[in-house]
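A.B. asks: Note that the protein sequences, when read in sequence, are chains A, B and C. If you're matching positions, the first sequence starts at 1 in this note's numbering and goes up one per residue. If you're matching positions, the second sequence starts at 1 in this note's numbering and goes up one per residue. If you're matching positions, the third sequence starts at 1 in this note's numbering and goes up one per residue.
Derived from the structure by calculation, the hints contain no laboratory data. Quick reminder that beta carbons are idealized off the backbone N, C-alpha and C, glycines included. Please note that the accuracy of each hint is not assured.
Output of the computed footprint for chain A on chain C, the stretches with three or more beta carbons under 8 Å from beta carbons of chain A [said to hold, decoys possible]:
# : stretch
1 : 50–63
2 : 413–422
3 : 425–438
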Amino acid sequence: MAQAKLESKILTANRLRDGETVYYTAAGAWSPYVTEARVASTPDDIDGLSKSGAAAYAANIVVDVNVIAVVPGRDAKPAHIREVIRASGPTVRADLNKPVVRPQR
Amino acid sequence: MAVVDRNGPLKDAWTRIGEDAPAPKGASVIVSLARLKNEHNSLFSAAGAVGVEVASDVDLADLEPFLARLGVIVVRMATMRDGRVFSTGRLLRERYGYAADLRAVGDFIPDQVLFLLRCGFTSFEVGEKFPVESLKQSVAAYSVWYQKATDRAKSVVELRGENSSRGAPKGSSS
Amino acid sequence: MYIYDTFDHTVTRERVAEFSQQVKRRLAGELSEDQFRPLRLMNGLYLQLHAYMLRVAIPYGTLSSVQVHKLADIARKYDRDYGHFTTRQNIQYNWIKLDQVPDLLAELASVEMHANQTSGNCIRNVTADQFAGVAGDEVEDPRIVSEIIRQWSTFHPEFSFLPRKFKIAVTGAPKDRAAIQFHDIGIQIVRNSAGEVGYAVYVGGGMGRTPVVAPLIRAFLPKAEILSYLEAILRVYNRYGRRDNIYKARIKILVRDLGPAEFTRQVEAEWPEIRPSGVNLPAAEEARIEAFFAPPAYEKIAEPVASFVEAKAKDRAFARWVSTNVHPHKIPGYGAVTISLKPIGGIPGDASSAQMHAIADLADTFSLSEVRVTHVQNLVLPNVKQSELFAVWQRLGEIGFADANIGLVTDIIACPGLDYCALANARSIPVAQQLSKRFADLDRQHNIGPLQIKISGCINACGHHHAGHIGILGVDKAGQEFYQITLGGAGDETASIGQLIGPGFAGEDIVGAVDKVVATYIAIRSSTSETFIDAYRRVGAAPFKESLYGRR
Ligand code: SF4
Chain A
1 MAQAKLESKI LTANRLRDGE TVYYTAAGAW SPYVTEARVA STPDDIDGLS
51 KSGAAAYAAN IVVDVNVIAV VPGRDAKPAH IREVIRASGP TVRADLNKPV
101 VRPQR
Chain B
1 MAVVDRNGPL KDAWTRIGED APAPKGASVI VSLARLKNEH NSLFSAAGAV
51 GVEVASDVDL ADLEPFLARL GVIVVRMATM RDGRVFSTGR LLRERYGYAA
101 DLRAVGDFIP DQVLFLLRCG FTSFEVGEKF PVESLKQSVA AYSVWYQKAT
151 DRAKSVVELR GENSSRGAPK GSSS
Chain C
1 MYIYDTFDHT VTRERVAEFS QQVKRRLAGE LSEDQFRPLR LMNGLYLQLH
51 AYMLRVAIPY GTLSSVQVHK LADIARKYDR DYGHFTTRQN IQYNWIKLDQ
101 VPDLLAELAS VEMHANQTSG NCIRNVTADQ FAGVAGDEVE DPRIVSEIIR
151 QWSTFHPEFS FLPRKFKIAV TGAPKDRAAI QFHDIGIQIV RNSAGEVGYA
201 VYVGGGMGRT PVVAPLIRAF LPKAEILSYL EAILRVYNRY GRRDNIYKAR
251 IKILVRDLGP AEFTRQVEAE WPEIRPSGVN LPAAEEARIE AFFAPPAYEK
301 IAEPVASFVE AKAKDRAFAR WVSTNVHPHK IPGYGAVTIS LKPIGGIPGD
351 ASSAQMHAIA DLADTFSLSE VRVTHVQNLV LPNVKQSELF AVWQRLGEIG
401 FADANIGLVT DIIACPGLDY CALANARSIP VAQQLSKRFA DLDRQHNIGP
451 LQIKISGCIN ACGHHHAGHI GILGVDKAGQ EFYQITLGGA GDETASIGQL
501 IGPGFAGEDI VGAVDKVVAT YIAIRSSTSE TFIDAYRRVG AAPFKESLYG
551 RR
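Make a model of the complete structure from these sequences and hints.
C.D. replies: Here you go:
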């Protein structure tokens, strides 16, 4: 059971135009904030993410497209340290860190 | 497939023929290196003109006996990263004195044509979707080069030499 | 310094225009990412974890103050107000937007700079001794031949799509400060028995997955022949280097597979064919380039310089800084200052735009407007009067760059690692920061003496860990950051490759492990003048293994 949950995935890439790390949302857009990523937990869902990624790559919207693992839970939290750093910025420059949640205005 | 040179599309009379297909009398045919080696006598007497397609790492000694009689050499780039083609081109031109058409085929992009031209290539076999306008723009990107190469464009070094022998100021312009 | 003429300006301007077009075609979708990638790489543009990274070339590590000001302006305008100086004497910006790159390149071109060939499978930016032109031990200024190579290698028609990247380094002195034997080609300027100046040529060195110390393939090459000889080496490599496996595509593998003798034979067979082609520079052109590197107008100063001697006597901290950070100058009364970009706990090689501006100002006031970059990720003010060293030291203190640690245990090389780099397995910078804090005490550092720690975040070895007296390599162990230790590497004229000492350490244990290695050295050294590397070479790995892993 825990096994199945571990397979939750999100879709990430970098925007072609400016290189910003972005995540594919439930609304089918790309957000800079990892917590807005759409979490897919079934094989079909994950397959859907891959297809959306391939389409956005082919349309020259994003590059370096990857489906990555997230920790089970409501908010999308990347499982691997590499992706944690991608989501929130270099660990050695706290001043440059990117919020994982869209800042409220 | 289309054939272009630095100015755009060309009319091309060459046809590739398979390993067993007879060479049509009087036609301009491109054959494999193996066939050229085995059948050069009959090929050169039957066909109107003979060309060969080779890989970018072809052993030039294999080609040498035929160079004077070949009408085209087509060199295939395995991928756009296959830079052996540049050395092969220069060697054919500069060391072996090959003078007829030298054609590149493969996955090169317009931006590489400039380098191919400098290394002695004269024509390019490209897919239907190849952006010929970009090619024309790309080959015009540079007006001067630091190096001398097969195309005999004067190098920056030579231009500097001419400048200073005319008594033009040397050094900075900035 | 070399100054562009109209031809150099034309090439640079046309390059900016060409790359701008390529960016436009990419954004319009005419070029796919697969097609664009090699093009952007040839312009030093990578996609990293957070954004694009642009690597700007600093040919042979030489900068004018005007250029340093421009690099600072670019950091502020196009990046997040800082830059990172690298082991290849370049500067990297970490937060670049693709659609702004054309404007950025145009600004660089305005100060005779570019990002040409700072990546990609082509001949990369040439590196050289940071003390070129000022070191007393040099046969000839290595910047002359470096500039000649820069021009020759720029958009080379035949060698722009090599099997793999290609790096050339030059030293003008027997003391190798450019790690030439870890390069694809290492050039040492030498004098033969007849007193003529020429080049010793090493080929096939490198770091990465397969570290190799380059063998010498020619002990003396006449100066005028350098370009034809390079062309012969490159042609053999371009034709016969492996292209089927990127891990085997560097020239070091070709040299190893053929054997240095057979490789040399092939180069020497190719060379006479190339010599008549006109690639060698005419003497007039060589002289034209050489003239730019003529020594600046130094003052005649008698040593000892009283105020300098006095300042050292009065201020121990200053004296200590002089002992590590000031290199002897060939002109009496001058010194070459290494500015430590390794403040305790800082990020090795990083400088903010404010710091860069301050350094450019210092260069204008005190160093004949010149700055150098070292492959150890520090900066150099090459021409400072001894009478002004004290003032320079004080000003450096104001910007946080006055640490007296050059060549010591906290003068750590660290690649960007997993904080920035898309290829990384583990972070490098935090390890460097923790080590730096652990060894912060200056008395202790000076007691430990010369010791180079070099950290890479993956096997690509941008942090030169193979050449570190203590090398640290980040690896991924089941999703965790782990660090392996190598000992006994050296990047100088006694080049050697560090040997893996045993199993790796977790992130929280690596600093303690290095501390143990250092303590072991202190315990076994024959005297305080026996350096870490000498002691290691004398006793080997055994005592270090024992202190790290216990008796087996
Ligand atoms: S060594 Fe690896 S992690 Fe470090 S900068 Fe190079 S590629 Fe990136």
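A.B. asks: Please go over all the hints and tell whether each is borne out by the structure.
C.D. replies: Comparing the hints with the structure gives:
Counting residues of the stretch 50–63 of chain C whose CB lies closer than 8 Å to any CB of chain A gives 3, which reaches the minimum of 3, so the coverage claim holds. By the rule of at least three residues with a Cβ nearer than 8 Å to a Cβ of chain A, the coverage given for the stretch 413–422 of chain C holds, with 4 such residues. For the stretch 425–438 of chain C, the stated coverage by chain A is satisfied: 4 residues place a CB nearer than 8 Å to a CB of that chain, which reaches the threshold of 3.
Of the numbered hints given earlier, the model fails none.
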